[in-house]
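Visitor: Based on the sequences and whatever the hints tell you, model everything.
So the sequences go chain by chain: A and B.
For the first sequence, numbering that gives the first Met the number 0 assigns the number 0 to the initial residue and increments by one for each residue that follows.
For the second sequence, numbering that gives the first Met the number 0 assigns the number 0 to the initial residue and increments by one for each residue that follows.
A hint or two may mislead.
Claimed, not checked - Chain B side only, calculated, beta carbon under 8 angstroms to chain A, not exhaustive: (1) S74; (2) G76; (3) T291; (4) P295; (5) L298; (6) E300; (7) S304; (8) V387; (9) N389.
Keep in mind the hints are simulated off the structure, nothing from the lab.
All figures in this text were calculated on a predicted structure; none of them were measured in a lab.
Just so it is clear, CB atoms sit at the ideal spot from N, CA and C, and this is done for glycine as well.
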Amino acid sequence: MKKFDCFITLVGLVLGLSFTSCDTFISTSISDDEALDGPIATLSGAETGRHIIGDEEFSKVYSISDGLGPIFNAASCEACHIADGRGHAFTTFTRFGRVENGVFDALQDFGGPQLQDKSLPGFSAEFLPALANVHSGFMAPAVTGLGYVEALDDSTLMRLADPEDANKDGISGRLNYVIPPEFFKPGSKHVPVNGKYIARFGRKAMAIDLVHQSVNAFFNDMGISSEYHPQDIRNVQSSDVTDNANDPEISAKVVEDVAFYLRTLKVPPRRNSNDADVIEGEKAFLQVGCGNCHVQTLKTGMSAIGSLHKVEFHPYSDFLLHDMGSELNDGYTEGDALSSEWRTTPLWGIGLAHVSNGGAIAFLHDGRAKTIRQAIDYHGGEAADSRSKFKALNAILQDKILKFLQSL
Amino acid sequence: MFFYRNYMRYIYLLALLAVMLFSVNLFANTDSLQNIRTTQDAVYRRPFIGNLGNSTSIGGYAEANTNYFSQSGVSEGFSMEMRRFNLFVYSSISSRIKLLAELEFEHGTEEIALETAMLDFEIDPALVFRGGIILAPIGGFNQKHDSPLYEFIDRPMVSTQIIPATLSEMGFGVNGKLFFGESFIATYDAYLVNGLRDGIILNSDGRTLLRRGRVMEMFEESHNGVPSVTGKIALRHRQYGEIGISAYRGIYNSFRKEGIDVDERRAVLITALDYSLAISSITIQGEVAMNTIDVPANLKEINGSKQLGFYTDVIFPVTTFTMLDYANTVLNLNARIDYIDYNIGTFAATGGNIGDEVTALSFGVSLRPTTTSVFRVNYRNSNIVDIVGNSVVNKGIQFGFATYF
Chain A
0 MKKFDCFITL VGLVLGLSFT SCDTFISTSI SDDEALDGPI ATLSGAETGR
50 HIIGDEEFSK VYSISDGLGP IFNAASCEAC HIADGRGHAF TTFTRFGRVE
100 NGVFDALQDF GGPQLQDKSL PGFSAEFLPA LANVHSGFMA PAVTGLGYVE
150 ALDDSTLMRL ADPEDANKDG ISGRLNYVIP PEFFKPGSKH VPVNGKYIAR
200 FGRKAMAIDL VHQSVNAFFN DMGISSEYHP QDIRNVQSSD VTDNANDPEI
250 SAKVVEDVAF YLRTLKVPPR RNSNDADVIE GEKAFLQVGC GNCHVQTLKT
300 GMSAIGSLHK VEFHPYSDFL LHDMGSELND GYTEGDALSS EWRTTPLWGI
350 GLAHVSNGGA IAFLHDGRAK TIRQAIDYHG GEAADSRSKF KALNAILQDK
400 ILKFLQSL
Chain B
0 MFFYRNYMRY IYLLALLAVM LFSVNLFANT DSLQNIRTTQ DAVYRRPFIG
50 NLGNSTSIGG YAEANTNYFS QSGVSEGFSM EMRRFNLFVY SSISSRIKLL
100 AELEFEHGTE EIALETAMLD FEIDPALVFR GGIILAPIGG FNQKHDSPLY
150 EFIDRPMVST QIIPATLSEM GFGVNGKLFF GESFIATYDA YLVNGLRDGI
200 ILNSDGRTLL RRGRVMEMFE ESHNGVPSVT GKIALRHRQY GEIGISAYRG
250 IYNSFRKEGI DVDERRAVLI TALDYSLAIS SITIQGEVAM NTIDVPANLK
300 EINGSKQLGF YTDVIFPVTT FTMLDYANTV LNLNARIDYI DYNIGTFAAT
350 GGNIGDEVTA LSFGVSLRPT TTSVFRVNYR NSNIVDIVGN SVVNKGIQFG
400 FATYF
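Guide: Here it is in structure tokens:
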């Protein structure tokens, strides 16, 4: 009986430890201000439900039978936008073209502009054609807070634009107008000009809204045709045909669900915003003129999603194209943007860049900057004056600006 | 490709080896070793097979458990599941011919598979011809995977993610058992099987995963007409345990359609070492496996071309006592370490390590009222690293039982 008592005691001890001390034995959650991903907290139950459906689609890994490829860059949205954050160097893809006599040609007959360097077995992947004399790397941006950006009225962006630098501050942000795809549904916030609409998503501001961006990403990045873009991708550099999956490979609903997911992601959380150094750093940030492009506060227009309806948010971006000088001029461009022009990247979430890519921090469109200070060094063109002013600050104030940026 | 163009040479070598081994067997003192169990015996050492005369027996095993896990503080809550309900049929058709089949119901009716259906024709213990749906002799777990035999609820990760247990395939071959002196038994297995398939890469898991290449429809013919080869050699010591080395190699892709080559032949190679050691009353068992997969050049990095994993269980019987009607109830304290790396290598772009690794430590208590039934409580703490190096912690507690019937 003694042994039996011993056994009962032991089992009781183990079970007791297991079930009464769950806090010790189960994993603890990441604090909210350290996580990039997650829905807007004030979504309704139905909105949260659809967000989760979109999340599943965003995470879904497409296989051969799902219609992946035949040429592609990644097999899922999340493969590049890991944890909704910035991409990693290994998923950075290349876009290319040819510049001749100052005219840019996207070399569409030679597989341009995007190099799909992966392929299904039996199919050829694309290679950089000999004709291409310019190319640029594109690292996936973070996707948090995009719903707020989409909910901006065109009129807000038009007010921020100053293409002729009328106010003589040296900053001449301009809008990129693009011809909308057939599936685009204009809303009351859109202001067309000669049949073109303001694009606000993408490094060169080429997508008008999140559906437009998602359709392009499914097609170009994953080789997935959709009801919105029913024709599948193929490698025009070879005699390969398209894959064997029936087109369209995904429905309009899947695209809409992914767009809804992106639309309802929370903004990246701030940390240490009441820290004295952070507050001083932000003041200095504004004083040296960084805030002229990295605009602190914007306000959304009308939105069907209550949480996005007429609310202020802090992206630290004006979502306009700016000339960044020779430092960031790869020669490659898209639409009406010049090769030296890039859309202002929102700075929100910059302090959490490390949480989504295993600590391998990389900034700017191709990840060439490994620190925020390096990223500042690459700011030329319209940003050159602010860069000079930053460098002229004493080390303590520079560090405070960096500390402020880390708090975003 | 060398393998497949030289079948006859290998068959001659195999026959020669069998004759040599058969000769060795004639001179060994086998009587005292006949009842020693080897991993190879596992399929026939199930409790429902009580009568080895001309008879048919039906048996099986069942396992069920509870789960409570959380990852980064997020839990799906508490759940219960009936993982498996497997039925065995054994028939001793004649003195030298026997048949064993296993029908598996996994997660209810989610996965129903004829996992084993093999016929053995014994010339001698040293030479047995086997055909049908067989268990590939790769690693130790794949041959000996019945849940009631283990002290942990979850199967070892290396045995399901690196070796795709349960890997059973249509095939033919030979196996045998050789006795050396009074202490050693050697076993060998060698089979040709239909082989794994294309799903190994570009599957819905987003990584190289051999279990995605398993053939779920066992009655189908080979998808590419090139059989895979699998074999194992193991040595068992009467007292100290067993060690085995094994390999599996084949062409996994559908490189030919309508007689026309549409892709290169791409090979998969699994190599494994398994062991089960008895040191005093403590049992230490585990396996190490490595996969080499010929991945198309432009898919490397997203699909790993090398994979590695291992696990080790340490089982310590604390006490034997009488509980209710069970005079020899055994209480074990158990520990397990698991490690798998789905993608060994470095990123060309950064030189940094490609992640996609899992390390897990598990602890548990198991109670065996009889040798064929076990109640288990497990606690597992896993560190999961994604491909770029982000890590999350998954911890949880399970309780469950498994029993033969």
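Visitor: Each hint needs a verdict: does it hold in this structure or not?
Guide: Hints, verified against the model:
1. A distance limit of 8 angstroms between C-beta atoms decides the matter here; for S74/B the minimum to chain A is near 7 angstroms, and the interface restraint holds.
2. This hint is violated: G76/B has a C-beta 11 angstroms from the nearest C-beta of chain A, more than the 8 angstroms allowed.
3. Evaluation of the T291/B hint against chain A yields a violated restraint, the C-beta minimum of about 17 angstroms exceeding 8 angstroms.
4. At a threshold of 8 angstroms, the smallest CB-CB gap from P295/B to chain A is about 5 angstroms, leaving the interface hint in force.
5. Proximity of L298/B to chain A holds as hinted, the smallest CB-CB distance being about 6 angstroms (cut-off 8 angstroms).
6. This hint holds: E300/B has a C-beta 6 angstroms from the nearest C-beta of chain A, less than the 8 angstroms allowed.
7. A cut of 8 angstroms between beta carbons decides the hint on S304/B: the least distance to chain A is about 13 angstroms, and the hint is violated.
8. Interface restraint check: V387/B against chain A, minimum CB-CB distance 4 angstroms, threshold 8 angstroms, status holds.
9. Checking N389/B against chain A: minimum C-beta separation of about 5 angstroms stays under 8 angstroms; hint holds.
Of the numbered hints stated above, those contradicted by the structure are hints 2, 3 and 7, listed in ascending order.
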